[in-house]
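From first to last, the protein sequence lines stand for chains A and B. Here UniProt numbering is used: position 278 in the first sequence is 278, and no number is missing along the way. Here UniProt numbering is used: position 190 in the second sequence is 190, and no number is missing along the way.
One should not assume that every hint holds.
Below, a list of computed lysine-lysine pairs in the PhoX-like style, where the Cα atoms sit at most 20 Å apart [what the hints assert, rightly or not]:
#1 A:346 - B:285
#2 B:294 - B:352
#3 A:282 - B:282
#4 B:282 - A:334
#5 A:282 - B:259
#6 A:352 - B:282
#7 A:346 - A:334
#8 B:285 - A:338
#9 A:334 - B:285
#10 A:6 - A:92
#11 A:282 - B:67
#12 B:315 - B:259
Note that these hints are calculated values from the structure, not bench results.
Protein chains: 2
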Amino acid sequence: MGSLGKPVRVLLVGSGGIGTMVAYALETGGQAEVTAVLRSNYDAVQENYFHIYSVDHGEVAHWYPTKVLNSIPSVDKDSPGAHYDYVIVTTKNFPGIQEPSLPELIAPAVTPGYTAIVLIQNGINIERPFFAKFPTNPILSGITFMGAAETSPGIINHYNHDRTFIGVFPSPSASKYQESLAIAAARCLVDAYSACGSQVDCTYDPDVPYSRWRKLLYNASYNGVAAILGMDTSRMRFAEHIIDGLIRPLMQEIRATAKAAANVDLKEELIETMITADNYDKFFKPSMLQDAEKGRFLEFENLVGEPLREAGMAKVETPTLKFVYSLLKGLQFKAMEKHGHVVVPKTGEGLKYGGC
Amino acid sequence: MGSLGKPVRVLLVGSGGIGTMVAYALETGGQAEVTAVLRSNYDAVQENYFHIYSVDHGEVAHWYPTKVLNSIPSVDKDSPGAHYDYVIVTTKNFPGIQEPSLPELIAPAVTPGYTAIVLIQNGINIERPFFAKFPTNPILSGITFMGAAETSPGIINHYNHDRTFIGVFPSPSASKYQESLAIAAARCLVDAYSACGSQVDCTYDPDVPYSRWRKLLYNASYNGVAAILGMDTSRMRFAEHIIDGLIRPLMQEIRATAKAAANVDLKEELIETMITADNYDKFFKPSMLQDAEKGRFLEFENLVGEPLREAGMAKVETPTLKFVYSLLKGLQFKAMEKHGHVVVPKTGEGLKYGGC
Numbered sequence: 001m002g003s004l005g006k007p008v009r010v011l012l013v014g015s016g017g018i019g020t021m022v023a024y025a026l027e028t029g030g031q032a033e034v035t036a037v038l039r040s041n042y043d044a045v046q047e048n049y050f051h052i053y054s055v056d057h058g059e060v061a062h063w064y065p066t067k068v069l070n071s072i073p074s075v076d077k078d079s080p081g082a083h084y085d086y087v088i089v090t091t092k093n094f095p096g097i098q099e100p101s102l103p104e105l106i107a108p109a110v111t112p113g114y115t116a117i118v119l120i121q122n123g124i125n126i127e128r129p130f131f132a133k134f135p136t137n138p139i140l141s142g143i144t145f146m147g148a149a150e151t152s153p154g155i156i157n158h159y160n161h162d163r164t165f166i167g168v169f170p171s172p173s174a175s176k177y178q179e180s181l182a183i184a185a186a187r188c189l190v191d192a193y194s195a196c197g198s199q200v201d202c203t204y205d206p207d208v209p210y211s212r213w214r215k216l217l218y219n220a221s222y223n224g225v226a227a228i229l230g231m232d233t234s235r236m237r238f239a240e241h242i243i244d245g246l247i248r249p250l251m252q253e254i255r256a257t258a259k260a261a262a263n264v265d266l267k268e269e270l271i272e273t274m275i276t277a278d279n280y281d282k283f284f285k286p287s288m289l290q291d292a293e294k295g296r297f298l299e300f301e302n303l304v305g306e307p308l309r310e311a312g313m314a315k316v317e318t319p320t321l322k323f324v325y326s327l328l329k330g331l332q333f334k335a336m337e338k339h340g341h342v343v344v345p346k347t348g349e350g351l352k353y354g355g356c
Numbered sequence: 001m002g003s004l005g006k007p008v009r010v011l012l013v014g015s016g017g018i019g020t021m022v023a024y025a026l027e028t029g030g031q032a033e034v035t036a037v038l039r040s041n042y043d044a045v046q047e048n049y050f051h052i053y054s055v056d057h058g059e060v061a062h063w064y065p066t067k068v069l070n071s072i073p074s075v076d077k078d079s080p081g082a083h084y085d086y087v088i089v090t091t092k093n094f095p096g097i098q099e100p101s102l103p104e105l106i107a108p109a110v111t112p113g114y115t116a117i118v119l120i121q122n123g124i125n126i127e128r129p130f131f132a133k134f135p136t137n138p139i140l141s142g143i144t145f146m147g148a149a150e151t152s153p154g155i156i157n158h159y160n161h162d163r164t165f166i167g168v169f170p171s172p173s174a175s176k177y178q179e180s181l182a183i184a185a186a187r188c189l190v191d192a193y194s195a196c197g198s199q200v201d202c203t204y205d206p207d208v209p210y211s212r213w214r215k216l217l218y219n220a221s222y223n224g225v226a227a228i229l230g231m232d233t234s235r236m237r238f239a240e241h242i243i244d245g246l247i248r249p250l251m252q253e254i255r256a257t258a259k260a261a262a263n264v265d266l267k268e269e270l271i272e273t274m275i276t277a278d279n280y281d282k283f284f285k286p287s288m289l290q291d292a293e294k295g296r297f298l299e300f301e302n303l304v305g306e307p308l309r310e311a312g313m314a315k316v317e318t319p320t321l322k323f324v325y326s327l328l329k330g331l332q333f334k335a336m337e338k339h340g341h342v343v344v345p346k347t348g349e350g351l352k353y354g355g356c
């Protein structure tokens with residue numbers, strides 16, 4: 001179907017490891033034209049293009065999407081040909097730190113009631129501010145299990161097979177009609193993505209809440225604890241007490257919260273599966289650990305904070321999650337100080353706990 | 001009294017920051033002769049002596065105790081003049097890692113039924129293996145609030161006033177007679193220490209369990225969390241959520257455990273006092289953080305592990321303490337790997353959580 005019409009017009013926001021590989025798959029399939037918005041790597045890519053080392057596509061030198069910009073374009077709402085069909089967001093999520101917020105940032109490029117917004121990001125409740133800002137647009141979920149990182153500006157190391165799921169975030173207020181359109185938008189993107197060929201696995205996701213809570217089993221446990229301990233997941237598994245004392249209790253708390261807060265059934269057996277999900281031999285460092293090692297902000301509010309708040313409202317006891325959240329907030333404080341978002345006073349005068 | 005007799009003979013085990021300042025105070029008072037057992041700094045001290053920068057004593061160049069050894073001496077039990085009156089241990093405590101254990105290590109220098117063993121170390125239940133090994137010897141507690149570190153071999157930076165408390169560990173089996181002797185041994189050491197003059201505050205501690213649980217309020221909270229977060233105590237206080245979410249709950253759990261497990265009453269108000277105990281302006285890094293930064297072993301078993309086990313036996317709920325313990329065990333695992341105490345296998349074959 002999609003292959004008969006004109007290519008879909010995609011604006012990609014966040015062209016690091018994951019974003020660039022999404023753009024590459026879409027462009028390679030021939031059913032999409034991608035305009036990528038770059039920030040830190042704009043100059044490098046303008047000069048040398050992207051250089052990709054991919055587990056799926058091999059080495060790709062001098063690759064460039066259809067178009068590259070260094071800021072979000074403002075779409076002329078009156079010119080039909082200018083509309084973006086999709087705005088795909090692959091940046092990390094730092095609610096409360098990002099200014100402007102992501103919905104505000106992309107708004108100039110979004111045609112109300114038309115453009116589908118695709119969030120290829122981790123965590124739960126990430127769609128809420130987009131539903132609030134764009135109540136008549138399809139808001140789509142992208143969950144990817146690929147591993148990819150930008151090792152230096154424009155240099156992409158794609159080290160884990162691209163397995164990506166695209167579906168529809170259930171809307172609190174959508175009509176049956178809106179829902180049908182959103183599903184069609186999701187399926188059309190899956191088609192354009194899959195046109196790349198058998199190197200990638202892109203699948204329609206019929207149950208986004210389930211998929212997101214399922215992935216949260218890993219992201220609310222291994223990802224956060226890895227950042228706190230500075231430890232890859234294989235070492236955690238070898239040091240069994242970290243699994244028994246922290247990882248499994250966290251997964252159990254997420255499972256209980258998924259059921260109570262979202263009526264999502266995560267089977268008990270899934271926990272043991274998730275504990276050994278990573279290939280032991282790879283000594284994998286989850287994303288938050290990679291960010292912590294680089295002194296970057298930690299993407300923990302939608303991975304740990306939101307499930308904790310959901311648990312609170314659903315009256316589920318999640319002591320381990322609460323504890324991990326407190327520590328991640330402490331690590332985030334350090335990153336915020338490093339980036340000048342907070343200034344620690346030299347004396348304790350007037351502070352709540354300043355007195356000596 | 002003490003000043004009329006011959007100087008007491010002291011063997012000091014562990015002559016880093018704290019140990020060297022204890023030796024200096026004792027020797028300066030003229031009522032003690034200190035033989036110090038050195039390990040990593042032996043060569044440096046043999047060559048250049050100690051060089052001390054002290055908040056209490058000023059700069060002291062080329063200082064040397066009465067005698068320096070590089071291993072624990074074996075005392076000739078038949079020669080009365082050879083006995084040590086005191087063996088003072090100021091090393092850190094790493095039960096399960098140290099080989100041989102501290103009691104085994106010092107045994108050759110201890111005259112059974114005679115030598116008083118003084119543990120200037122943090123935590124609770126540290127006396128147990130000494131009572132087991134030396135059932136007829138006085139086992140004394142030293143709690144110091146001085147701050148001192150060896151910045152390089154033989155160079156001592158003594159940055160916080162020497163305030164030290166010496167008392168008797170209650171023995172599970174001592175007779176009234178043994179108790180009286182132990183108290184006399186403690187008071188005699190306080191006298192010898194105090195002979196140094198008003199630069200130091202050395203006091204007899206009439207209630208060791210109270211003093212140790214009181215200090216644990218700080219050591220089981222700030223000390224462990226500082227190591228986990230890599231953060232000084234002033235930053236934790238400025239980032240109020242770390243106090244509210246972690247430090248105060250930990251102190252409350254220690255307070256409840258002290259009461260239930262040891263019948264020690266720590267007043268509620270003490271918690272707020274302890275929260276602001278450090279001078280904010282100093283941005284103090286507790287000892288475990290200093291050790292973590294240097295990749296050293298963490299002294300957490302007697303500071304966090306033992307209160308946790310006491311809480312378990314007394315059926316006190318200590319969820320925060322339990323999580324802190326799990327994480328510290330994870331950090332210790334990293335230190336053990338670094339020092340070659342564990343080898344992480346390259347593949348997960350045969351491991352409990354190895355399968356992929």
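Hint by hint, here is what the structure shows:
no.	hint	result
1	A:346 - B:285	holds, 15 Å
2	B:294 - B:352	violated, 31 Å
3	A:282 - B:282	violated, 42 Å
4	B:282 - A:334	holds, 18 Å
5	A:282 - B:259	violated, 48 Å
6	A:352 - B:282	holds, 17 Å
7	A:346 - A:334	holds, 16 Å
8	B:285 - A:338	holds, 18 Å
9	A:334 - B:285	holds, 15 Å
10	A:6 - A:92	violated, 31 Å
11	A:282 - B:67	violated, 53 Å
12	B:315 - B:259	holds, 12 Å
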